[in-house]
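Asks: Heads up: the sequence shown begins at 2 in our numbering, then just goes up one per residue.
No wet-lab data here; the hints were simulated from the structure. Heads up, a few of these hints could be off.
In silico DSSO-like pairs for lysine-lysine, Cα to Cα no more than 27 Å straight-line [unchecked claim]: (1) K23 - K59; (2) K110 - K56; (3) K110 - K65; (4) K56 - K68; (5) K68 - K23.
Between beta-carbon pairs, the in silico distance windows are [unchecked claim]: (6) V108 - E80: 37 to 45 Å; (7) L17 - G91: 26 to 34 Å; (8) K110 - L63: 20 to 28 Å; (9) R69 - A112: 40 to 48 Å; (10) V108 - R69: 34 to 42 Å; (11) F19 - V108: 39 to 47 Å; (12) E82 - K110: 24 to 32 Å; (13) R44 - D74: 27 to 35 Å; (14) Y18 - Q95: 15 to 23 Å; (15) Q14 - Y86: 47 to 55 Å; (16) M2 - K23: 33 to 41 Å; (17) R105 - L63: 17 to 25 Å; (18) A112 - R37: 37 to 45 Å; (19) A113 - K59: 43 to 51 Å.
Glycine included, every Cβ here is placed at the ideal spot set by N, Cα and C.
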Amino acid sequence: MERNQEEELRALQDTLYFIGGKWRIPIINSICNGNRRFREIERSIPGITTRMLSKELKEMELNKLVKRTVYVDTPVLIEYEPTGYCRTFGNIIQEMINWGRAHRDVVTKEAAES
2 MERNQEEELR ALQDTLYFIG GKWRIPIINS ICNGNRRFRE IERSIPGITT RMLSKELKEM
62 ELNKLVKRTV YVDTPVLIEY EPTGYCRTFG NIIQEMINWG RAHRDVVTKE AAES
């Protein structure tokens, strides 16, 4: 099977655009780990600002990655959950976690041996 490098590059660029931001993966990870409310998500990600989380969640909703549900109650309750489409990225995130751990081990082992 012949590979189309131009198409592969476009697909890689699309993927990197999706994960390229500093906060997107940590937000997805937080939501997939059961944090549903804005403050829960915010507290689970050290360093993220309220403004940045709000901006990212809106963008992720537009990109069909999270579903925002508003429960009309007193006070109003808003919850976020990953869409099925977002969950298709789960295996990639897990592999990134595995690779990051292995990479850290390689780098720290080499530093210790030096």
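Asks: Each hint should be assessed against the structure and marked as holding or not.
Replies: Tested hints:
1. At roughly 16 Å between alpha-carbon atoms, K23 and K59 fall within 27 Å of each other, so this suggested pair holds.
2. Distance hint between K110 and K56 is unfulfilled; the C-alpha atoms sit about 39 Å from each other, more than 27 Å.
3. At most 27 Å may separate the alpha-carbon atoms for a hinted pair to count; K110 and K65 exceed this at roughly 41 Å.
4. For the given pair, K56 sits about 14 Å from K68 by alpha-carbon distance, which is consistent with the 27 Å threshold.
5. Between K68 and K23, the direct Cα distance comes to roughly 21 Å. Compliance with the 27 Å bound is thereby established for this hinted pair.
6. A beta carbon spacing of about 39 Å between V108 and E80 agrees with the range 37 to 45 Å that was offered as a hint.
7. At about 18 Å, the CB distance of L17 to G91 disagrees with the hint of 26 to 34 Å.
8. At roughly 43 Å, the beta-carbon separation of K110 and L63 lies outside the given 20 to 28 Å, and the hint is violated.
9. For R69 and A112, the Cβ-Cβ distance of about 44 Å falls inside the hinted range of 40 to 48 Å, so the restraint holds.
10. In this structure the hint that V108 and R69 lie 34 to 42 Å apart at CB holds, the actual value being about 39 Å.
11. The given range of 39 to 47 Å is broken by F19 and V108, whose C-beta atoms sit roughly 26 Å from each other.
12. E82 and K110 have their C-beta atoms about 39 Å apart, which leaves the hinted 24 to 32 Å range violated.
13. Under the hint 27 to 35 Å, the C-beta atoms of R44 and D74, about 21 Å apart, miss the expected range.
14. Between Y18 and Q95 the CB atoms are about 21 Å apart, so this pair conforms to the stated range of 15 to 23 Å.
15. Separated by about 19 Å at the C-beta atoms, Q14 and Y86 break the suggested range of 47 to 55 Å.
16. In this structure, M2 and K23 meet the distance hint of 33 to 41 Å, their C-beta atoms being roughly 36 Å apart.
17. Checking the proposed 17 to 25 Å range against R105 and L63 shows it is violated: the Cβ atoms sit about 34 Å from each other.
18. Checked against the given bound of 37 to 45 Å, the beta carbons of A112 and R37, roughly 40 Å apart, stay inside it.
19. Take A113 and K59: their Cβ atoms lie about 44 Å apart, and the range 43 to 51 Å holds.
When the structure is compared with the earlier hints, violations turn up for hints 2, 3, 7, 8, 11, 12, 13, 15, 17 and for no others.
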